[in-house]
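Student: So the chains spell out like this:
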Amino acid sequence: MQPQHARNDAARLRATNVRTALVLLTIALVFFGGVIAARFMGGWTTGISVVGFAVFVFLAFAIGRNLRSPK
Amino acid sequence: MSSIPHDRAAAGHGTHDDHAHHPTGLMRWVTTTNHKDIGTMYLWFSFTMFMVGGVMALTIRAELFQPGLQVVHPEFFNQMTTLHGLIMVFGAIMPAAVGFANWMIPLLIGAPDMAFARMNNWSFWLLPPAAILLVTSLFVPGGAASAGWTLYPPLTIQQGMGMDLAIFAVHIMGASSIMGSINIITTILNMRAPGMTLMKMPLFCWTWLITAYLLIAVMPVLAGAVTMLLTDRHFGTSFFNAAGGGDPVLFQHIFWFFGHPEVYIIILPAFGIVSQIIPTFARKPLFGYASMVYATAGIAILSFIVWAHHMFTVGMPVAGVLFFMYATMLIAVPTGVKIFNWLATMWRGAMTFEAPMMFAVGFLFLFTMGGFTGLVLAIAPIDMQLHDTYYVVAHFHYVMVAGSLFAFFGGVYYWLPKWTGTMYDERIAQIHFWTSLVFFNVAFFPQHFLGLAGMPRRIPDYAQQFADWNMVSSIGAFGFGLSQLLVLYAVVKCIRGDGAKAPAKPWEGGDTLEWTVPSPAPYHTFETPPVVR
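Protein chains in written order, with my numbering: chain A, 1 to 71; chain B, 72 to 604.
The shape of chain B in the complex, shown without the other chains (with noise of 0.2 Å):
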């Protein structure tokens, strides 16, 4: 339920004036246990993580602007996916929901802070040392790694200094990101405000929770899979080693554990955030709370039984690739529940198009367009004609970027007020918005039309056929990196103080615990818990 009634004045009283000085300099950013900070330097790593990812995506699509080699290496281009993919979504994507998390979380349900504040300063600083590892091993011989972010053997057994510093990233931040999970699931379970139950808390804090659970469950997978990895590279062992009798296939079977409940971890923390938007711009409570909850369980569920999906190719009993197909389709029921209740929220509301709305609307459309190539690509016939083509990178950029990163603009924009006291510039974040929007479709629809020619993935190189949707989709990817400019434009605006002042509740429809509180929010909240009725 969207909607918590809860006493306003017992809520104001959780500011506490004489709290309201805050450390400066640089050591208030490095020993900070404050959520607001945390949650500020998150989101400013993965905004940077998202313009380094940006610059490599926008090297590969430079050198297919046309056929032939012309800007990069093979070899360089292969480190460019590999780097891209790790980037984007360990280094971009996670800690962006992090950062809301440890922003929103304790603002939504009236606790102080996160549960262990400590803890959480260093789930942060964990973080840069992992990115500076994998940006560096570009410089290391031998170059980055290059087998693709899903990291493989036999060819991550094979490559050189490069590879190591990859696995150690991903173990460094699979700890970081275990350690924020933790965070957030005891914040949630143990210091909600007293009288919100589980079932009043905003959406947001359910998706999260349920997010924090499936972390807990896959990270350790992956960091067991990556061990093994690195064991079998320098210690003798062959776990996915075939010529010592290890078994490569059984690499991609536990990568893919985690690799799919992976991209609910990604798009499950959108979910909430356009759930806590939606509503606020129709002016309506959200439409079937419950069973959005129940959906986004059925969903992290569900999403432990798929990973086969992945390698129908790689051979499996038919009874195998039944069930793996038939199970991912049924991932569409509870989905398109979430998807009806959104559109059911709107439908008759008093809407009006902000830019956070704009970006939810955005989401909607697009995700959806995601998810039912994600049907086509879970059929397994349709799948094996698919495979590692230009079709299936089409599919996951539409579930990741226009579906995770256009509800992270919807929830900048709709908070960013809250943050810096400050409202955004309306028209810039509408040119974003638009900007975006088609220039997303300008570079990520085509290759949909190079899948289905057969254009194969993690090539530099293709045949003159697919010349000029590639062309098409080059000129796309550039217009849509150069309007995230445009994000960090706005942002830098508010934070300047340059823009109308910010009331505490600056959406008319916001009736979640945040909008109680002054804006900019002060440095301590709810010291005295308010009480939810």
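Pulled out of the complex, with its shape left as it was, chain A reads as follows (with noise of 0.2 Å):
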């Protein structure tokens, strides 16, 4: 049996990495919506444009994200 505060670690390291994934697969699954939406919604540049711009805003969080101070 587990002393109570590892138990709460342990918990609350669970939500940590529950939260950091649903964050990373909401990022993979915007990407496989938006190249599909992108098209269906304008040309290729529209596409691309769509893309780049995922990218950037990607970028920006995931480097966003690692520079917060720590806790």
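Be aware that a few hints might be false.
Claimed, not checked - Some chain A residues judged to face chain B by a derived CB distance under 7 Å, without partners named:
#1 20
#2 21
#3 22
#4 36
Simulated from the structure, these hints should not be mistaken for laboratory data. C-beta atoms are modelled at their ideal positions from N, C-alpha and C, and glycine is treated no differently.
These two chains come separately, so use the hints to put the complex back together.
Tutor: Right under this line is the structure:
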């Protein structure tokens, strides 16, 4: 039987992991849906622009997330 | 920074004797959630697919040994080139890199396992069905996909059922890669040992962290593209079908938006392995650790903005050609930083040349050559002459085979004592290195000459003037293929315990966390995290 603080730590870690995974999964789904939706919405220039914009948002998010000051 | 001062006593407590037992039998492998088991399965799977893809490569080279049609029909030849590419990229190299990540990332950062252990099992077990789909597509009516691994329409819209199986296989392998990437990123960001800041991580973890971000960004794009192909084939849409108002060139843009970062997805983990090996055998910390991290990130970012250099001959505005040409050349800068840092690490180091170091040095030499021919191909006017010739084939095999594969072999020999508890046979490993090096160059260096002379790729027959170098290339390919049986022999010997017992730290210069646990690494490690100072 684990002590209470160990169980709390494990639960907190689990929640953090799930949160990180959901953010990453959302990014993947946006890219997957985005590349198809962009084609529906317009020509290939629109598609490429949408994907390009998504890349920059993704990079800004990915880098920004890791630049947060430590808790 | 390669040198990680850490509390070795604390690290030693990370191995619990009472958890040393593990399940046995077939169900151990089917249901395992242990990162070491899953890493082992990834590595065996990738080696199996490497052999399958290798046999396809040798079929191609057997046909090209002489001009004329001797061994296979042209349709089958095209199926071989397509499946060889798909299997080697998605079935061999990428799973090998994930296998290394599974085995080593928790050990390198002091984590007890991957963040999502069950998803890890699922990521792996998606791969065998995908591989079966790809290989068995050879036996369906019309045969396997034969439009090249790039799956360009309109050919892919017109082909038979084999193409559907290939598309489905790509979907499954893409899903597996995305799940693996989510797991790796989450593990690295959330489960590092206390005191191990991002800038103290071994470089292998950094290169995999960046690779995983790349995968999450580009695999869904490929999945979207092949989904559109599928709906074009069966559901009456016209995304890429010109007959219905679609745009086949759009597929090329989308594919290469995935395809170029894919090159770095394949090579960055190899960079990471080399960055672990060279400091160990030079007995010096990695030169310019921070610049290596920033160079890796730089390569990854640039990889998103160079895709159209694969499409210069398709036609695009001059401004576009210039942009993609110069952006491609720019990648040489961070790549050069890495090459010079590895050389600077070796400079005045107390080097020894065991097999891992030999493969790392071989990697440096051959990858640099592949990089140089990449620069040649980046120049648009030259690319327009060399596009779809054997020069391109030579270039990307120098990057992918001599780059990734040599680094992976180096990694296998480097960590084999930790994985099996037995030292590998150095003599066999050295023979493996030298035969691989020589036969690789015999196989692929002449292909530069063939390409410069104008021999197109993806053809089963060719003009008489190309005969001599094709014969040399085929001999080299068979020699290279046979050489790979040596690594199998060396690994099996270690698994059977036929060799000297490996100490916890078999390499004098190794100073990362994996060397603080016994060899072979216990089934459960770092349940109490080590403290890194």
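Student: Going by Cβ atoms only, is residue 36 of chain A closer than 7 Å to chain B?
Tutor: Hint on residue 36 of chain A: holds, closest Cβ of chain B at ~5 Å, below 7 Å.
Student: Quick check on the hint: residue 21 of chain A CB to chain B CB, less than 7 Å?
Tutor: Holds. Min distance 5 Å.
Student: Per the CB criterion, is residue 20 of chain A less than 7 Å away from chain B?
Tutor: 5 Å, holds
Student: Hint check: is the beta carbon of residue 22 of chain A less than 7 Å from a beta carbon of chain B?
Tutor: Residue 22 of chain A check fails; min Cβ-Cβ to chain B is 9 Å, beyond 7 Å.
Hint 3 alone, counting from the list given before, is not met by this structure.
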